[in-house]
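Novice: Sequence:
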Amino acid sequence: MPYFILLLAGLLVAGILFWMKESKNSYALLGIAFIVGITIFSVFFWQSRKAESSLRVVGYSSKLFDSDLVKWNVSLQKSVGNAELSSGYKGMNSDVKAFREYLVTQGFTEGEISVQPVSSFPRYDNYGSMTGYSLNQEIFLLSDKLDKVEDLALNPDFIADRGMVLQNSRLEYLYTKLPELKQELLASATEDALARAREISGSANTKLGKMREARAGVFQITEPYSTDVSDYGIYNTSTRKKSISVTLTAYFYLK
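So in the numbering used here, spot 60 of the sequence shown is number 60, and the numbers just go up one at a time.
No lab work stands behind these hints: they were computed from the structure. Heads up, the beta-carbon is just placed ideally off N, CA and C, and yes, glycines get one too. Keep in mind that the hints are not guaranteed to be accurate.
Derived DMTMM-like pairs: lysine to aspartate or glutamate, alpha-carbon spacing no greater than 20 Å straight-line [unchecked claim]: (1) 71 <-> 223; (2) 63 <-> 199; (3) 71 <-> 192; (4) 182 <-> 138; (5) 177 <-> 151; (6) 210 <-> 192; (7) 63 <-> 192; (8) 148 <-> 228; (9) 97 <-> 157; (10) 177 <-> 95; (11) 182 <-> 228.
Per label pair, the in silico range of CB-to-CB distance [said to hold, decoys possible]: (12) 191 <-> 77: 35 to 41 Å; (13) 191 <-> 241: 23 to 29 Å; (14) 238 <-> 104: 26 to 32 Å; (15) 114 <-> 204: 22 to 28 Å; (16) 65 <-> 214: 31 to 37 Å; (17) 130 <-> 64: 50 to 56 Å; (18) 160 <-> 239: 25 to 31 Å.
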C-alpha cells in the first residue's frame with residue numbers, strides 16, 4: 001500500500017510540473033503541491049509508526065546428540081642420522097605399510113584409511129651442527145566404528161611393539177547428519193520465539209500479528225553443558241557427545 005501511494009504521489013508531481021508549464025494559476029499549483037507534500041509526509045510518518053508497532057523476541061533451541069563418525073589422526077616419527085635418510089624412508093614406508101595391514105585385520109577397509117606423504121626435517125644439536133633428520137608421516141582413519149577406533153587409539157600396542165614413535169594421536173568426532181539437525185533446531189527456535197512473543201503480547205493486552213522478519217544466529221556445537229560461545233560459531237570435535245544450540249531473532253507485527 002505505501003508503495004502505491006508513493007507512486008501516485010510521483011504521478012501527481014509529474015502532473016503538476018506539466019501543469020506549471022501550461023497554466024498560469026500559481027495559487028492552484030501551490031495548493032496541489034501542498035497536498036502532495038502532505039501525502040508523502042504522511043506515508044513516511046505511517047511507515048515510521050508501523051516500525052514502532054512491532055515486537056522483537058529471541059528464540060532459543062538446544063539439543064544433545066552423539067557423533068556418528070570419528071577421525072583418528074596418527075602421526076609417526078622416525079629419527080635417522082645424516083647418512084641414513086634413504087634407509088629412514090624405507091623404514092618409515094615399512095612401518096606405515098604394516099600399520100595399514102594391521103588396521104585392515106581389525107575390520108577396517110582400505111577406503112577408510114588415508115596416508116599422507118612423508119616429510120623430513122633436519123635436526124641440529126645445541127651448537128648448530130646438523131645431526132640427522134626427523135621423518136614424519138600422517139595416517140588418517142575415518143570410520144563409523146567409534147568404539148573400535150577408540151579402543152585402538154587408547155591402546156596403541158601394535159605401534160609400541162614395532163618400536164614406532166607416535167608423535168601425535170588425536171581423535172576428532174564428527175556428525176554426518178548435521179544439516180538435518182540444524183533445520184530441526186531452527187524450527188524449534190522459531191517455535192520458541194513465537195511462544196515468547198505470544199506470552200509478551202498477551203501480558204501486554206496486545207494482539208500479535210504475523211512474523212515480519214527472522215534472523216538466525218550462528219550454531220554453537222560444544223561439549224555438553226558448555227557455556228562457550230563465539231561470534232563465528234563453534235564446532236567442537238574433541239568429545240563424542242555434543243551439544244548444539246542456536247538463537248533466532250524474530251520480529252512480529254502488533255495489531
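Novice: Each hint: holds or not?
Specialist: Hints, one by one, checked against the model:
no., hint, in the structure
1, 71 <-> 223, "17 Å, holds"
2, 63 <-> 199, "23 Å, violated"
3, 71 <-> 192, "35 Å, violated"
4, 182 <-> 138, "32 Å, violated"
5, 177 <-> 151, "24 Å, violated"
6, 210 <-> 192, "15 Å, holds"
7, 63 <-> 192, "14 Å, holds"
8, 148 <-> 228, "30 Å, violated"
9, 97 <-> 157, "16 Å, holds"
10, 177 <-> 95, "35 Å, violated"
11, 182 <-> 228, "18 Å, holds"
12, 191 <-> 77: 35 to 41 Å, "52 Å, violated"
13, 191 <-> 241: 23 to 29 Å, "25 Å, holds"
14, 238 <-> 104: 26 to 32 Å, "27 Å, holds"
15, 114 <-> 204: 22 to 28 Å, "59 Å, violated"
16, 65 <-> 214: 31 to 37 Å, "24 Å, violated"
17, 130 <-> 64: 50 to 56 Å, "53 Å, holds"
18, 160 <-> 239: 25 to 31 Å, "26 Å, holds"
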